[in-house]
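Model the placement of chain R on the given structure of chain G, informed by the hints.
Those protein sequence lines, which keep their order, are chains G and R. Under this note's numbering, think of the first position of the first sequence as 86, with each following residue one higher. Under this note's numbering, think of the first position of the second sequence as 5, with each following residue one higher.
All clues stand as given, with none of them false.
Only some residues are given here: those of chain R computed to face chain G with a beta carbon under 7 Å:
#1 GLU154
#2 PRO176
#3 TRP253
Mimicking DSS-like on lysine-lysine, the simulated pairs with C-alpha atoms at most 30 Å apart in a straight line are:
#4 LYS206/G with LYS136/G
#5 LYS136/G with LYS172/R
#6 LYS172/R with LYS206/G
Honestly, the hints are just simulated from the structure, not real lab data. Using N, Cα and C, we set each Cβ at its ideal position, and we do this for glycine too.
Listed here are the chains, written in short residue letters.
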Amino acid sequence: MSDAFVEVEHVDLAYDDVSGNAIEDVTLSMQEHEFIAVVGPSGCGKSTFMKLCSGLRRASKGSVMVGGRAVSGPLKIVGMAFQNATLLPWRTALDNVLLPLEIVEPYRSNFNRSRETYARKAIELLRSVGLEGYEHRFPWELSGGMQQRVSICRALVHEPKLLLLDEPFAALDAFTREELWCTLRDLWTRHRFTVVLVTHDLREATFLADTVYVMSKRPGRILARRAIDLPRPRELDAIYTDHFAEIVRELRERIGRIRSA
Amino acid sequence: MAARQRRLEAWAPWLVLAALLILWELICRVFHVSDFIFPAPSAIVASLSQYAGPISGHALQTFWTTMAGFAIGVVVGVLLGVLVGSSRLMYRTLYPLMVGFNSVPKSALVPVLVVWFGIGTIPAILTAFVICFFPITVNVATGLATIEPELEDVLRALGASRTDVLLKIGLPRSLPYFFASLKVAITLAFIGTVVSETVASNDGIGYLMMSAGSQMRMPLVFAGLVVISVMAIAMYEVFAVLERRLTGWATRGMDARA
Chain G
86 MSDAFVEVEH
96 VDLAYDDVSG
106 NAIEDVTLSM
116 QEHEFIAVVG
126 PSGCGKSTFM
136 KLCSGLRRAS
146 KGSVMVGGRA
156 VSGPLKIVGM
166 AFQNATLLPW
176 RTALDNVLLP
186 LEIVEPYRSN
196 FNRSRETYAR
206 KAIELLRSVG
216 LEGYEHRFPW
226 ELSGGMQQRV
236 SICRALVHEP
246 KLLLLDEPFA
256 ALDAFTREEL
266 WCTLRDLWTR
276 HRFTVVLVTH
286 DLREATFLAD
296 TVYVMSKRPG
306 RILARRAIDL
316 PRPRELDAIY
326 TDHFAEIVRE
336 LRERIGRIRS
346 A
Chain R
5 MAARQRRLEA
15 WAPWLVLAAL
25 LILWELICRV
35 FHVSDFIFPA
45 PSAIVASLSQ
55 YAGPISGHAL
65 QTFWTTMAGF
75 AIGVVVGVLL
85 GVLVGSSRLM
95 YRTLYPLMVG
105 FNSVPKSALV
115 PVLVVWFGIG
125 TIPAILTAFV
135 ICFFPITVNV
145 ATGLATIEPE
155 LEDVLRALGA
165 SRTDVLLKIG
175 LPRSLPYFFA
185 SLKVAITLAF
195 IGTVVSETVA
205 SNDGIGYLMM
215 SAGSQMRMPL
225 VFAGLVVISV
235 MAIAMYEVFA
245 VLERRLTGWA
255 TRGMDARA
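Pulled out of the complex, with its shape left as it was, chain G reads as follows (with noise of 0.2 Å):
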């Protein structure tokens, strides 16, 4: 397991002295390009999980290597993208893509000097996720999927090797969100970098991911893990197959376990 890009091991998290642990004992490892899944009822303390992924909390015990080296702070190569698009209404979705590029080096030392490359950068990833001739629009002209791939991109410019979406479709009606899985896979396909996707979705989470971790409620354990052994490429018709369902029931009987537990 030595080669894995994330290592996370017997981590536990609590946020003060008060409320206990918010996960705990959270052991896992992932490859470099690996598509994770993180999946389990709400308040389980996914969305922290994906805080201690990214250097923003420091874990109360266990430890956390990213790349090799143990997480002691931001990590700068991380993207992240939530449930709400976060954009910034007084910028264009071009610019608003920008954004990151002005926050991390190398690119913020020559962001001025080299504003026509970067641009030229943006545009090219946001016509990838099919926002061609948008790029001057301000966010409250685009619909919300439109506004949540602009967030993707926003998360992706900077090249991040680890991406973390926390619940990034869930505000999204059901046809936008299955489009959205497809330019994420698409995305995934062509710049292979490292993912963590926390959801409710479980046909989101068998779709997109190579391996699913379910949590226990809170305090956030890991109950299971399951390899996704769906082939590649995936198509949107591949949902509705048997195999597929039966994954998905799988997850489900699972979460059900907790809930009644």
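Just chain R now, kept in the frame of chain G:
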């Protein structure tokens, strides 16, 4: 239809103003109200033109005094707002103090300022300043304190410093709040100046109204009132225009309807 509606909306305030003035004039004439009690608009206008020279001198004094106090208020207000809005500790420490200070009637401060600085321009500037900085501070602080935590996470995960977050998100985000507060603050600053001039000055519209009032020259008092309102409304409009120019993204709904 839409064009007519829009024209009506543009003219409506002026029509109402004209109607009010006509009504006012009529009441004064029909009931023979004395100028010493309640001057008719015509008497006020006459007084305005008769004393145009002295009035404009005093108006200029009031105007630049207000602007000086307002400028200090903006600088102090923004700095305090940034301080209070970006740190929980500062918020807990300073906010109760500022609320307490703000609840002191500012007119009660004027005698104190007079003892310290003598009568004239300086107490007027200071009164305008202390009366107008608070709304600016509160608004800037609110804008900063209500940043979505997720947005901050996105930047912090990239290694952004607190200054980065402030410059890239905090300040642009609080701009609409800031401009909203400027519109309140500028009118307050005029009040501060005039209050101070009324009590302790030999210059400015406040002094003019005070001395005209003591001589029972009511049309001149009202002329002073008119001049102050016109200046305050003009400055308000200046900031309203700036607001629309710079933070159109925040009021797009209103613009679409207007």
